[in-house]
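Peer 1: Here is what each chain is made of, one letter per residue.
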Amino acid sequence: MSPIGSDTLYGTLNLLILKSLADGSLHGLGIARRIHHISDDALRIEEGALYPALHRMERDGFLEASWGKSENNRRAKFYELTAAGRRQLKQEAERWRRHAGAVSRVLELGWETK
Amino acid sequence: MGGDARGWLRRLLGSSGRAEEEIGEEIRFHIEGRVEELVEAGWDPGDARRDVLRRFGDPGRVASELRRLARRRAARRRWRETIGSILRDVRYALRGLRRNPGFTSVALLTLALGIGATTAIFSVLDAVVLQPLPFHEPDRLVLVFEQNRAQEILAEPPSPPNYADWVRESTSFEAIAALADESYTLTSVDPPRVVEGAVVSPNLFQVLGVDAAMGRTLGPGDARAGENARAVISHALWQEQFGGDSGIVGRTLRLNARAAEIVGVMPPSFDVPRPEVAVWVPRDYASDLGDNRQSRYLTVIGRMKPDVTPERAAADLNRIHTRLGELYPEANRGWSVSVVPAHEYVVGDVRGILLLLFGAVGFVLLIACANVASLLLGRSTHRHREMAVRAALGAGRRRLRSQLLTESLVLGLLGGILGTGLAYLGVRFLLTLEPGLLPRAEQVGVDLRVLGFTLAVSLATGLAFGFIPGLRTPGTAVTGLREGAGRITGMGSSLARRLLVAGEVAISVVLLVGAALLVRSFDELRRVDPGFDAEGVHVASVSLSSQTYPENSGRVRYFGELVERLRQVPGVAEAGVTTTLPLTPSGIDFDLPYRAEGHPDLPEEQLPQGDYRIITPGALEALGIEVVRGRGLRDSDRAETSRVLLVNQAMARRLWPGEDGVGKTIEIHYITNEPWQVVGVVEDTRHQAMAARPSPQMFVPLAQADWVFNYMQVVVKEEGTVPDVREGIRDAALEVDRDFPLYALTDMEAILAESLARDRFLTVLLGTFAALALILSAAGIYGVVSYQVARRTREIGVRMALGADRSGVLARTVGEALATAGLGALVGIGGSLLLTRLLSGLLYEVSPADPLIHGGVAALLLATAALSAFMPARRAASVDPVSALKSEQV
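Those protein sequence lines, which keep their order, are chains Y and D.
Residue 1 is where the first sequence starts when you use this note's numbering, and the numbers rise one by one after that.
Residue 115 is where the second sequence starts when you use this note's numbering, and the numbers rise one by one after that.
Some hints here could point you the wrong way.
To be verified - Stretches of chain Y that chain D covers, calculated by requiring three or more beta carbons in the stretch to come under 8 Å of a beta carbon on chain D: (1) 28 to 36; (2) 52 to 61; (3) 74 to 86.
Said to hold, decoys possible - Here's a subset of chain D near chain Y, in silico, CB distances under 8 Å, partners left out: (4) Ile141; (5) Asp165; (6) Arg169; (7) Glu179; (8) Phe875.
It should be emphasised that the hints constitute simulated quantities derived from the structure, not laboratory data.
Every value quoted in this text rests on a predicted model; they were computed, and no experiment measured them.
Cβ atoms here follow ideal geometry from the backbone N, Cα and C, with glycine treated the same way.
This is chain D alone, in the form it adopts within the complex (with noise of 0.2 Å):
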């Protein structure tokens, strides 16, 4: 052991002790050789020995830079060799490869496959989850909101005087930003055109941390300059409507017929609140907004100080907000601030989902590499005569070792090289599939980090299945080569391949389980009757400007005039006007307390709340919901005529449960607290969600609200006579007032799917891993049952010559893969008890432990093991028992 230590210290070292000798040998000839000469000269032999050496310089140095020269040389030359030996060993893998057309390409078919889907949704969860947001410091930014746990809000956006005691008070923030959504109507130009804006408080920028592009981004003297006056736009608003003008700074915009002076492009990646947003407007909202602190609609964004924790940042709010409470009752008791880091508001909702994609695309991978290593199982046991072979002519058991594991690292990262092409097309495809359900989309593609992911992914499948069959290097040569290939039992590797196939059938479960669950879900979402009729409805939003429509009765009239020339247009058989659209944020929302006939009077914060809708008559009409008891709104439903409303079943069933309620009276605590009085009741609809229950809605007639919006939504019913409806619809608008254009044009029937997208995402793309991963593993029990009954064809031609039938081989070549897919079924429906607890939230009507989808599943798996393995069976029993006992072949 020591010498051996002491060799493998030189060889680390890099020189051999012959070469350190060699170097002393060269370096005494010459000194010896140059004394000789003097000597024989007549010099005396100290004298001779020092001029020598004066001449000759250090040996001790001189030799010793002659071993660094040998070291370095031997370390190259080390290098190159295994250098070489890897690339002798690569070489030869690719001949095995090329000589098995076979086995390669179903290997690599595979590997492709679980490497090329990971690819794509790991490019997917990086680009939309993993990068950091794109602003400066980005961990200290987060949004604000108001929650009140007893009305289950728990996340509202602040009303602007909260926000202004905030910024005054919190010691925990370096700033406060707030803005609101906004849109304006683009008057200088022709035909006038809306576009998306936001009113921001002038530091939001600088809370972000983000620069413009062209010139400069908001600040405190812009809000002062009167409002509109200063604006700030969007690199896409810059392009389309000033052709990327380079003298844009100093310009103005026409805001709602305004003058705004624009001080600044932003660059194309700036997206808040939303891409879309085109304007940026300045209002000091900390200091000249009214004190209405029930008026809840602002975004707040804080910069935290350093080493400040959100929960931190939190506890000083709540300190303040507590405070607030008190101060302003009406408003504020019962409410709390919560505090969200921003990379969790842009990405919470989505991460979950692309988790869940992530572990099943794992999945996948794990089942090709089980199928891969089955493979190399079955094929290092045909080629054990070759292996003993080599060992025999000297081959060192850890080369033949080193030689198979390079063999599974090149398959892998051909593997890798062909799932890179595969997941580029799957990026694409998933992005097709995307619904605007992920944030930062834009940004998804296969980058180099991705690469590097998908490298790494290469390497460690290639180890994965090459581990398996490596364990079974043959070091028994000679037996080997004594027992003669053909006739090796391979028990081991049997086994093995079985528990294999085992485990390929478990994960399956899973993954079917998950995607079936997904698929009954989507279903029953589907089959929910949305309570309005999607056919022929084209909706859209309008949005006035206080400055031309400053009072509520020009409002009113404008929006009867706007329905009045909606239903004069061909094609059109219904229109109207109302606060808010089904399935959709777009719209103005919200619930109000009220106080019905029949229950007690509770103090407001404790009276009960429901949604709160300003409609025209022609609304509800124009969406199929229809009136169940009592009547409609008519237009003669006037301001000045009695106040009436409906309410929707939901809400009748609530309050006067058994009862008709038409005739009923109620009061909705807002600007005024009169009473209004049931004329009707209409159906219920899914506003939320698909798959929210419906919950109380009230409809006051747009002539008798106490306020009415600028900012409506248009639907309009087509009766299907007109090819396009949507020019008359649009033309109708502008006919009312030039400056106020329809704009977010759309009908119901996309808004309804786009409301099931999220599901359809998922649903499609945990079904086609599901798909990949049960056609893999038919791949897996088929190829195993087909090695067994090759390799078996000898015995089962001797059983068969004993009398053994046909039907009884074919029943047990089925039965043993049916035994091992049992088993992998087991354990798998284990699995998936655990793991579909994860979908519980994603599921609508369908609890994850349904025992029909479980046990369908299983069925299904094991009816596929019988299939993959009675064409193999089939052969089996086909032996001929004497050309089987003749053959000596495998």
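This is chain Y alone, in the form it adopts within the complex (with noise of 0.2 Å):
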């Protein structure tokens, strides 16, 4: 079993590694920050999980990583965006916001009015 909860968590999870990536470059723990401080401890996910969500993104080309100096000068690994990360952040919040419009729609509206 992936350490990660669900396939939905699992996108998602990768939708939010572009998205914390898209300012510039970070390392893991950077990244893990980052989706703690914008979505607000809502997801909660095992931080462990971000690793190989991060290396299979490096393999796919949406990420590429470097060894460089952390803020307190230790050798950390950084990630950042590809052209090939961008355009799937791009896709992927779209899509997001499509599906999750959808689904509030029909929670605020209910089935018939469709």
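Two independent chains are provided; combine them into the complex using the hints.
Peer 2: Okay, here's the thing in structure tokens:
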């Protein structure tokens, strides 16, 4: 079993990673902090699950990794969006909005009005 | 070594140590960072670590998943690299081949010929011999024959009462089926048409495990429904006669004017006992047949119980047959049973021939390989400098070797692709040449199995000819460069090429000797006088039904009238009827024991036997078989006149050597034992086969025969005055009785040609392969000598400057080639003396060790070698010493 709860959560995690890297490169811990911060603790994931996701996205060409110095001067692995990663972020975000929009309409208006 | 092994292990596991460390470092960085955050916020360090780990999950599990990902990535990268390097090698090889169009086209043509011929023969071998028979568990099917060792009868069809006893008493069979050939007149069509049929025990289809395509096959009840009451028809008849009508089951067919209900249609592939059979009619051979155990005419097919071997089945049947010999000594004494596996029965005759051809074609492929290897050797010496440069630039030995091997494989595969095209054509050619000798020939084709074989052969070929030059991959980069490419001596390469050529010559000798023996034998056969004159002789079969003609007298009258009518047809010179025709299996052909005047009176089973023929006057005359002493048969030899017969020379010689024979009497032991008087002796004919010695034959007049068969052969000699005499012949028969048309109309020239078809087929094919071998060998010799001459231009120049004369150079060059070819020819003759023994069964009047043929072939090869060497040798002799010495090039 993957340490991550479900497929939806997995897809969401990818989107969150992409989003948190939108403004520049971060190391894994930085990404974890960013997600924690943006999502306001609403999304509870095991932080360890972040790494397989990062490595897969790196393999798939969405991210590029390089070793560099962290803010307190330690060796850390930094991740950065590639061009493909930026495209992926746009697409995923769009899909997510449509999906969320549809679900919230149903929740507000019910089935009948459709 | 230890470090190397660890590195190798790590490469195999797919993750470098560095990647492992980085995974740990990344996870540690995360956890430490979080712990520091909390400690800074005032947490107790222990509590902080616990809380961080709780939120992180198990670091070991995360790390192992990351390692798994890393391993997979590494494996994929390696795979891509391997493919990439192969593709690079292939591209490089293709570029190299394009750069040398001369080399490439010669090599590809050679390979295509070798692989194409091999593939074509394999496709035939595969379909005809290797594939199992299309029946349920075909390994359990056997054919059963009676045999009489004392009389040298090895496979006689069993008689129905003997079959019935086997069915009742045997324990090793699940079921035993029997069948006999029969021909039927379809009277429901106009004009009536004769079709071939089989009268079968109803269990035949269950024994074979074959179902009807439509309706059903026969069952036990069908045999009890009355003779010809039910029938199963062939797919072909269904199409031709009923237009593929889907409501055919239940309709009736008029067989010999009797209604038969069609119960089913067989699938098109069903061809038991022969592909031409169009109707299967049931008969219960096991119970409703008479007790004539000497009337042997059944084909018996048994399905053995699981785990029973043919040997055990034969022992089982022989136990029964021994008792039958005691119970019915006059019919069964001296007879036993032989059991032949069905596959053996179907392919036995041709397997040897096809394996022989496959062997021959394999030899051609070997020669092709040797030629290409020799070409590659020559090229690799030329490319020494290129290799040396590449090695100096850092290409490893392994890399260079793998690249050379890739070149060979690419060459082999390209040759295979071209060869497949040739094989398509070759198979077509084979099938047009094929005289109906091969069972299942319609299934022959280039299919996936065959393509798989071709692929394997192409790769093996590539490896074979790539192996020898590959051995000589240069490792000596620096020396190679230092020496300068032009002056590399390449002694090893030269010796290897000479050995290859000697090998080619040896193999060619074997093939040529084989082909020459067959050609000689075929020529002998063609020159054999068959004893009859085939020109302008038409033959046909006629088959009366026993319902319309139940009595001897009626049949005698019918055949008499038929001959009378045929003689009146415009363009007909002579006509007659006979039980059997020479060189064809159609007809009724059997031996009878006889006692001749002046010979001791032996018990019947010890009497000599002779071929028994029933003929009308005109039959022998139409065939041009001459009476050498006495007279022929006349229309005046009638039932009421004294009994007369003719014998052939072989019989007269055996019975009364040195005497005339005419006037002697012979008792033929048949239905009655009455004596016949010999009134004439006729020429011997080749009857069973052109290669078979004439056997003793007796000819009795149809009008006086004890029993006249309803199935006879018609012989008509034409005058040559009418363009198509066959139309008249056909009409004449219909005028005598409209219900019984002539069928299987052909002519003796076709029969004569067909009787030589097997020998022609084999001779043409082996001859083709031998010619191919000779051409390839000549090309091989030419190539080697040209190369030697080109390489030694400088040396020759020096020698000529020192006073050697042109003819000396010419003689030396040709002499070297002759020495090589001579060695090959010697080995080849040794080989052919061993191998051509395989041909002895196929040869007529030629010894496999024929010294003239062996000597001739050796001389032919030496002459070919001399000729092939002569052209390049002349180039050598015309070398201008001055320019040769100046030139630095190869």
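Peer 1: Next, verify each hint and record whether it holds.
Peer 2: To see whether the hints hold, each was checked on the structure:
For the stretch 28 to 36 of chain Y, the stated coverage by chain D is satisfied: 3 residues place a CB nearer than 8 Å to a CB of that chain, which reaches the threshold of 3. With 4 residues carrying a beta carbon less than 8 Å from a beta carbon of chain D, the stretch 52 to 61 of chain Y meets the three-residue requirement, and the given coverage holds. Requiring three or more residues with a Cβ within less than 8 Å of a Cβ of chain D, the coverage given for the stretch 74 to 86 of chain Y holds, as 4 such residues are present. With a least beta-carbon distance of about 7 Å to chain Y, the hint placing D/Ile141 at the interface is held under the 8 Å criterion.
Interface hint at D/Asp165: violated, since its Cβ lies 11 Å from the closest Cβ of chain Y, which is beyond the 8 Å cut-off. Given the 8 Å rule on beta carbons, the hint for D/Arg169 holds: about 5 Å separates it from the nearest Cβ of chain Y. The interface hint given for D/Glu179 is met, as the beta carbon of that residue sits about 5 Å from the closest beta carbon of chain Y, less than 8 Å. Evaluation of the D/Phe875 hint against chain Y yields a violated restraint, the C-beta minimum of about 63 Å exceeding 8 Å.
When held up to the earlier numbered hints, the structure conflicts with 5 and 8 and fits the remainder.
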